[in-house]
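Given these sequences and hints, build the entire structure.
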Amino acid sequence: MEIIRCENLSKIYQMGENKVYALNGVSVGFEEGTFTAIVGPSGSGKSTFLHLLSGLDRPTGGKVFYQDNELYQYGDNQLSVLRRRRFGFVFQSYNLVKELTGMENILLPVMLDSRKLDKDYMDHVIDILGIRDRLNHLPGAMSGGQQQRVSIARALANKPGVLFADEPTGNLDGKSGREVLQLLRQVSHDLGVTLILVTHDVHVAEQSHRILFLEDGTISRDTAEGN
Numbered sequence: 002m003e004i005i006r007c008e009n010l011s012k013i014y015q016m017g018e019n020k021v022y023a024l025n026g027v028s029v030g031f032e033e034g035t036f037t038a039i040v041g042p043s044g045s046g047k048s049t050f051l052h053l054l055s056g057l058d059r060p061t062g063g064k065v066f067y068q069d070n071e072l073y074q075y076g077d078n079q080l081s082v083l084r085r086r087r088f089g090f091v092f093q094s095y096n097l098v099k100e101l102t103g104m105e106n107i108l109l110p111v112m113l114d115s116r117k118l119d120k121d122y123m124d125h126v127i128d129i130l131g132i133r134d135r136l137n138h139l140p141g142a143m144s145g146g147q148q149q150r151v152s153i154a155r156a157l158a159n160k161p162g163v164l165f166a167d168e169p170t171g172n173l174d175g176k177s178g179r180e181v182l183q184l185l186r187q188v189s190h191d192l193g194v195t196l197i198l199v200t201h202d203v204h205v206a207e208q209s210h211r212i213l214f215l216e217d218g219t220i221s222r223d224t225a226e227g228n
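Take 2 as the starting number for the sequence shown in my numbering and just add one per residue.
Just so you know, these hints were derived from the structure itself, not from any lab.
Where is the CB? At the ideal position from N, CA and C, for every residue including glycine.
A couple of the hints might just be wrong.
To be verified - With beta-carbon atoms standing in for the labels, derived distance ranges:
| id | residue 1 | residue 2 | range |
| --- | --- | --- | --- |
| 1 | S81 | D128 | 26 to 32 Å |
| 2 | E216 | D134 | 41 to 47 Å |
| 3 | Q15 | H190 | 38 to 44 Å |
| 4 | Q79 | H204 | 34 to 40 Å |
What follows is the structure, given as structure tokens:
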């Protein structure tokens, strides 16, 4: 079953008298619990696509549906609540609050939403990510890989249906990057979270169930279609 899909999705920027199509009429769906990698050269529209799918930016045209509900029919406040409750985000920069411990950073989305933490679930996530011994440390006392693991735990705190990751291994060395990627795959599998990941690294993309190749704002190849 498709958990999220888009229809004829476009994003156009006006540059003087010229129109630049960052994304041009993309239609595609993502099955629940799967891991999809989005790859393409710089400027191909990868991050724009991710931002539109996740409600971080509004399209010029087209629609995005999450569980058959159209995202951009929501007002800004409703969309913000949906993102906080149903989507998780992992970026290249870890975006941790440096004055807060690892655990305090992880709990931020739950606290902002005034919800009760599912302790058993969170303990499971913490154990998958192997960060139990980092929970009382400030980000400055953690390696890049450890900070990214904490940011993944934070992204998962509200039990999202979809986890969006934009170059999550981009700031890490090879070994740490491979470990973080393996953990993202494991989290997606163990928790049934749909993982949509943007990367420029073909080796990272090859670990996914499916690869979407973007070129000039359109999907040039979809491995799910066998071409």
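Inset, instruction - Hint says 38 to 44 Å; check whether the CB-CB distance for Q15 and H190 agrees. - result: holds, 43 Å
Inset, instruction - Using the Cβ atoms, figure out if S81 sits within 26 to 32 Å of D128. - result: holds, 30 Å
Legend entry - Satisfaction of the hinted span 41 to 47 Å by the C-beta atoms belonging to E216 and D134: Holds, since E216 and D134 (Cβ atoms, about 44 Å apart) stay within the stated range.
Inset, instruction - May I ask you to test the hint 34 to 40 Å on the CB atoms belonging to Q79 and H204? - result: For Q79 and H204 the Cβ distance comes to about 39 Å; the hint holds.
Hint check: no violations occur; every hint is consistent with the structure.
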